Structure formats: structure tokens, C-alpha cells
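Student: One-letter residues, chain by chain:
Protein chains: 2
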Amino acid sequence: MKMNHHYGELKASYLFVDIAHKVAAYQEAHPEKEIIRLGIGDVTQPLAKCVVTAMQDAAAEMGTKEGFHGYGPEQGYPFLKQAIQGYYAGRGTQLAEDEIFISDGAKSDLANVLGLFDVDNTVLVPDPVYPTYVDDNVTDGRKIIYGRTSQENGFLGMPDDSVKADIIYICSPNNPTGAAYTREQLKAWVDYAKKNNAVILYDAAYECFITDPALARSIFEVEGARECAIEICSFSKIAGFTGTRCGYTIVPHELEREGMNLNKLWLRRQTTKFNGVPYVVQRAAAAVFTESGMAEIQANLDYYRQNARVIADALDECGVWYCGGKNSPYIWLRCPGGMKSWEFFDWLLENCGVVGTPGVGFGECGEGYFRLTAFGDAEKTKVAAQRIKAAIQTL
Amino acid sequence: MKMNHHYGELKASYLFVDIAHKVAAYQEAHPEKEIIRLGIGDVTQPLAKCVVTAMQDAAAEMGTKEGFHGYGPEQGYPFLKQAIQGYYAGRGTQLAEDEIFISDGAKSDLANVLGLFDVDNTVLVPDPVYPTYVDDNVTDGRKIIYGRTSQENGFLGMPDDSVKADIIYICSPNNPTGAAYTREQLKAWVDYAKKNNAVILYDAAYECFITDPALARSIFEVEGARECAIEICSFSKIAGFTGTRCGYTIVPHELEREGMNLNKLWLRRQTTKFNGVPYVVQRAAAAVFTESGMAEIQANLDYYRQNARVIADALDECGVWYCGGKNSPYIWLRCPGGMKSWEFFDWLLENCGVVGTPGVGFGECGEGYFRLTAFGDAEKTKVAAQRIKAAIQTL
Chain A
5 MKMNHHYGEL KASYLFVDIA HKVAAYQEAH PEKEIIRLGI GDVTQPLAKC VVTAMQDAAA
65 EMGTKEGFHG YGPEQGYPFL KQAIQGYYAG RGTQLAEDEI FISDGAKSDL ANVLGLFDVD
125 NTVLVPDPVY PTYVDDNVTD GRKIIYGRTS QENGFLGMPD DSVKADIIYI CSPNNPTGAA
185 YTREQLKAWV DYAKKNNAVI LYDAAYECFI TDPALARSIF EVEGARECAI EICSFSKIAG
245 FTGTRCGYTI VPHELEREGM NLNKLWLRRQ TTKFNGVPYV VQRAAAAVFT ESGMAEIQAN
305 LDYYRQNARV IADALDECGV WYCGGKNSPY IWLRCPGGMK SWEFFDWLLE NCGVVGTPGV
365 GFGECGEGYF RLTAFGDAEK TKVAAQRIKA AIQTL
Chain S
5 MKMNHHYGEL KASYLFVDIA HKVAAYQEAH PEKEIIRLGI GDVTQPLAKC VVTAMQDAAA
65 EMGTKEGFHG YGPEQGYPFL KQAIQGYYAG RGTQLAEDEI FISDGAKSDL ANVLGLFDVD
125 NTVLVPDPVY PTYVDDNVTD GRKIIYGRTS QENGFLGMPD DSVKADIIYI CSPNNPTGAA
185 YTREQLKAWV DYAKKNNAVI LYDAAYECFI TDPALARSIF EVEGARECAI EICSFSKIAG
245 FTGTRCGYTI VPHELEREGM NLNKLWLRRQ TTKFNGVPYV VQRAAAAVFT ESGMAEIQAN
305 LDYYRQNARV IADALDECGV WYCGGKNSPY IWLRCPGGMK SWEFFDWLLE NCGVVGTPGV
365 GFGECGEGYF RLTAFGDAEK TKVAAQRIKA AIQTL
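Respectively, the protein sequence lines represent chains A and S. For the first sequence, my numbering assigns the number 5 to the initial residue and increments by one for each residue that follows. For the second sequence, my numbering assigns the number 5 to the initial residue and increments by one for each residue that follows.
Just so you know, same-sequence chains aren't split out, so a pair can sit in one copy or run between any two.
EDC-like mimics (lysine to aspartate or glutamate), calculated; alpha carbons at most 20 Å apart, straight line:
id, residue 1, residue 2
1, Lys53, Glu65
2, Lys37, Glu383
3, Lys6, Glu258
4, Lys6, Asp144
5, Lys147, Asp122
6, Lys268, Glu13
7, Lys384, Glu70
8, Lys198, Asp122
9, Lys6, Glu260
These are calculated hints, taken from the structure and not from any lab test. Keep in mind it's a predicted model, so treat the numbers as computed, not measured.
Sequences are here, hints too, so could you generate the full structure?
Tutor: Here it is as C-alpha cells:
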């Protein structure tokens, strides 16, 4: 028996464990202080009413002989795939129904899609970014190179012709930086991918926060993307499904490599190794795209957007550089006073009672930066923003 | 870009497609005939009332700020893991809570667990069996050997010391044969696995059909199994969750290979590449283990058991050899008159208007055998059994 020793190469991540320890120690030393958490990447607003009703109705159906649903299509029910088709068509992107695969969330598909590719490929991962992209490839044994980003390029890396990569991760709007690509910038990535015969894995989990019409909400808004990209998306942020688990992956018919059609391969993978998303969850997800669903969802998104604005305004007033916050729930700020990420974490906790996430936890290029999120309670976010402004102004 | 060419080595499975074509052609030629389907492996009884209620209540919770659940533990909520602990303890098997990992079903975990093992391992798969075990390993490129079974050994293969395997699949009660191992038989497998440093992947999806106290419902009823086995189980058959998607995998603390602890590895795999099962589904699954839940579930299981009995009685009356049917929803019969599997399929459709599944579709050793299932409607199953008996008696 030979184990997969690549698991031994994973770096243990203590980021959120270390944060929890520091916060607990601080709270113990200062039991009177109210700590406000702006570090969380999880949503907090409840599911929309029409989503709850759709789920309850579907559960009732499942309790009747006539309405019972057993095994469904592994790639999702037509009613949900058609609703997603409509969501994309509404912004001018045409997809075929069988290019859409319903999943239990972006995290699963981001890992599982790698099974279509040989381990002998080079993977380009932006720095800083969601750490799972790296771990998913370390466990498979792929070579990873990093696309370094910085304040100078607005934390939006652009292709470098001297670098050869086979699999390219793009997360736009990015977690943690909130930076989002324009269609023109993405076009450069599409051209690079086509020239290098690479495949782009495009993580669009935060597309719903985009309001600026110059920014792409899907890579398929870019010409040529259908020949080189897979898009992975989720209901987690648009509809608060982090605990309800539904997402979707788009694999265009045109995407072929080494004579293999990736849409057919992914269908084969999913029908072999997955058994679909709960019927009740698919019904709930479809309700998101109804008229009342979209209205309720937008009200939730506006709640988070307002939080982002409150934080961004406070940083503007103290002249702190940041990106994100406008088309993203994340505000990525340069630590004031030249502080390093963890220094600022301690300073912010000590001086404001506010918890955020040290940027260096998302990659080396995050050192000296810090992530705040808009997913908190509105009132608490206002208090936090005022405390941050007051404290930074004393620096 | 190099693709995973092992996908090209998968054999296309036309089994259920071919069956559908044959049935459609027959129905078209004989529009007046009522066709009864005893080929399905999917449940048909609705979810239990208390399961539906638990799901609806959980959905209502998710619609409130206080009751909302975002990201949950990837390995499942304690309330469900504790309920499963109680289910096992009730039959004398003690498990630690953190040995239980909640999944979206056995199919996902059966595929994903292979990621813990190197591709350079030899896999022993029984023949006949659920075809996915083979496909999961073909796509990874592992060497597969088959454990041939036959009527002589009751379709229950026993270890052969001249065969060297690293990963051993056991499905008990087996799909498609319905044959189930006693604890003594499993002990031989555990001894073999320990001697060969192998790991057993034990698929217990049909354990709920076992009533004979000599048969094992979990491999962990067998001494030594904690050092060599992973058990994969599901709510699909016990509670009709084929469209609701929940299962669990048990990885004991004692299981170590090459200095790696498989419980810790699986935790790392799941926290990296999976984001848990919907909160509402976990609440629904927990309701299965309440007093009223177990009562409702048993009524459903008894419905299927009665169907199995009706079919088995008919076969007994015509002297047809079969196994399964008593501790399994599957009846695996020897095709009468020396017919081959597909011959009997055509004969059964033509003479009885009954659809089943040719045994050869589950492996070479299934040739000459045939699977009928107990998941159909009770009245239709009775009619089918009468037709089968009458037709076989004319042979």
C-alpha cells in the first residue's frame, strides 16, 4: 500500500486558528471590550423568503408518492440549468443548457475539475489569493508557479509571455483583494491561454458584487474564452448559500485539448463520481432567479455593499490606500504606518477592538496588506469604521 | 497542457441505455401491454413525515437572522454525527464522533477517498459488482484485478493468499447479487488485509436491509477492522435519500499506512476539497434516527422487503436458483433454461412484460444471471411475480 505522499507536502494553515487564539486572549484580558469581527468571509443575512418557501414546498413534494424525486441527473435538473442560462442571457452571454453543470459548491468543483488534467502540468496561481487553489494542486503533485501582484498593478496580474503555464487560475473579483478585471484585461489572459494551449479556471464566485459595467462578470463575455476557459460559480455569495451548498460550473463545447472534449469529460467525471445536488436545494436555487427572488437577493447584496462603502469611506477619510470595496465584499488595504500584516492585526485589535485578516495569510505578496469584509452586521460595521478612522488619524 | 488520458480507457457503459431502447421498442410494438419495471435501483417511497418536517423547519430557520447557518463544519454537524454514533452503538459498535464524516453520498466518497492513495496500488474488485468501483480507479490509472465469484461460493468471494492487493472493495449486502457476508467471513478479509497491509473500502449502503443476526451490518463489528478498513454508508436506501443526498464515511483512528494517519488525511482532504452537506439535509438526516423516524423508516423498508419476498416466493415455486432477496432489496437469479443474461432479458420482456437488469452488465461473472429489485410498487410487483412464475413454469 502506497499512500499519496503529496498530502505531506501541504503547509498547515494556522491563519484562522492563530486569529482565533489572539482574539480569545484579547477578550480574556479585556472582558469589557466589544470585539467586532470584520474578518469573516461568510455571509450573515438569512435566505430570501422565496428561497425558503421553494425549499419547503420541495420538501413537501418529497413527502408524497407523486412528488417524490429519487436520483436526479448528476449534472442538475433542467429547471435550474435553464434559470442559470437566463441569468447569463440577461447580460448578453449565451450558454447551452448542457454547458452548465450544477454542483454542491465552487470548492468541490475547483478541486474535482483538476482530475481531468494530468499531474504533469504547470499551474499559475495569483498571489495573493484564496489558498485552496494551491492546496488542491499540491495534493495532486502539480508544479505551481505564482503570479505576483502588488499595489502597482492594482493587484491584478497580467500575462507574462516568458512564463509558461498550462492551468491558470483567475479569481475576479479576487478574494482577498477585491480587485476585478475589465473585459480588456481578461482578453489578454484569453489570448495568452490560447497561445500557450492553457486552460483558465475562472472563479466567478463574487461576480454578483460587480456593478461597474466595464468589469467582466463572466469570462465568457470575452471573445475566445469558449476555447480556453472553465467558469466556476456559486450561490454562496449571491444568495447566501454557504450553508445550503449549490454552485455551477460552465464547460463550453468548444473547449478541447489533446483531442479530448472537456465538456464530455466533465460530464463523464460527474456521472461517475458525483450524484447531483439535493432536489430541494436545486428548487431553492431556482427561486433565486425569479422576479421576487432577484429583488430579495439584491436587497441583501445592497446591505453588504453599504457595509463595504462605510469601511471604504472611513479609509478614504484617513487617506489609506485600498482596493476592492466597490465591486466586491472585500476591502484590501495597505497597513498604515508601514506596519506588516500581523502587526496591523494586533494594532487594530488593541486600538479598535476590530478583527480582520492579515494579507500575508493569502500569499507572500499580501505582506503589509490587510483584508476587511462587508459581511458583518451593518450597525457594528459602522461602529468599527468609526473606531478605525479615529485610531488611524492618531497615527 | 496534458490531459488525463485515463479517461480514454473508460469503457462506455451502454447497459441502461440498451435496456431503455429495448423497452421502448417493445412498448411501441405492443402499446396495449403494461410493462412492469423491476430493474430500478432507486427507491420509490416518499420521505418519512418527520424527515420532511425537519427539513422544512430547518429551511424556516435559515430564513431568520438568528437561525441562519452559513459555512458549517466540512465533516458535518455534531448533531448528525452523534445520531450516527447512536445508531452504531445501538448494535454494539462504538465509534468516536470524529471518526464519522458526513458526505453528500456514498458515490462521491467512494471516488474521493482514492485520492489518499498513490496511483501505484493494485485494486481488488469483486465480480459482479456496482461498476463505479472500476471506473473510479480506471480514471486514476490504478491496476485492477477481479475477485471472481459464482453460484458455487454464493457470490461471496473469499481471500486468496496467492493474490496481492492493496485496496480491496467489499460491498455487503452486494449490489447486484444481494449476497451478504457473515462476521466470520469478513474476519477472513480483515486478516488478509492486515497481513497484506491493504485497506478495505467497505460499502455498507444496503446494511439496513439486513435482519439475519449472523450477518455483519458494519465491518467494524469484526475484530481488527479498525486497523484496515474504511466504511462508506448512505441514507439513500435506509431513508430514501437518493434525491436528497447524504451519506457518511467512517475512518477509524487506528488506520495508518506508511506512517500516515488516514483519519487525519481524510479530514484534511475534506476540509480542503469539500464544503459540507446542506444544513437542512443534515437536519433531515438526523430526524431519521429519532423514535418516530426509525418507525417510519422501518415501515418503508418493510414495504420493500415484502416486495423482495413476493419475488423470491415466485422463484422458489418454480425452483429457480437465486441469492439475495432476504437481507437485500436485490434478487439475483440464475436465468432459467440455461439462458444468457440478455437472452433472459428479452424473454422476460416478451413473455411477462417485466424489465430487469442482465447480470453480465455488472461483470463477466454475472453472465447467465439476472437482477430483479424490490424497489417497485407493491401491487405491480405482485403482478410481475405471478407473470414470471406462470411463464417460467411453461419452460
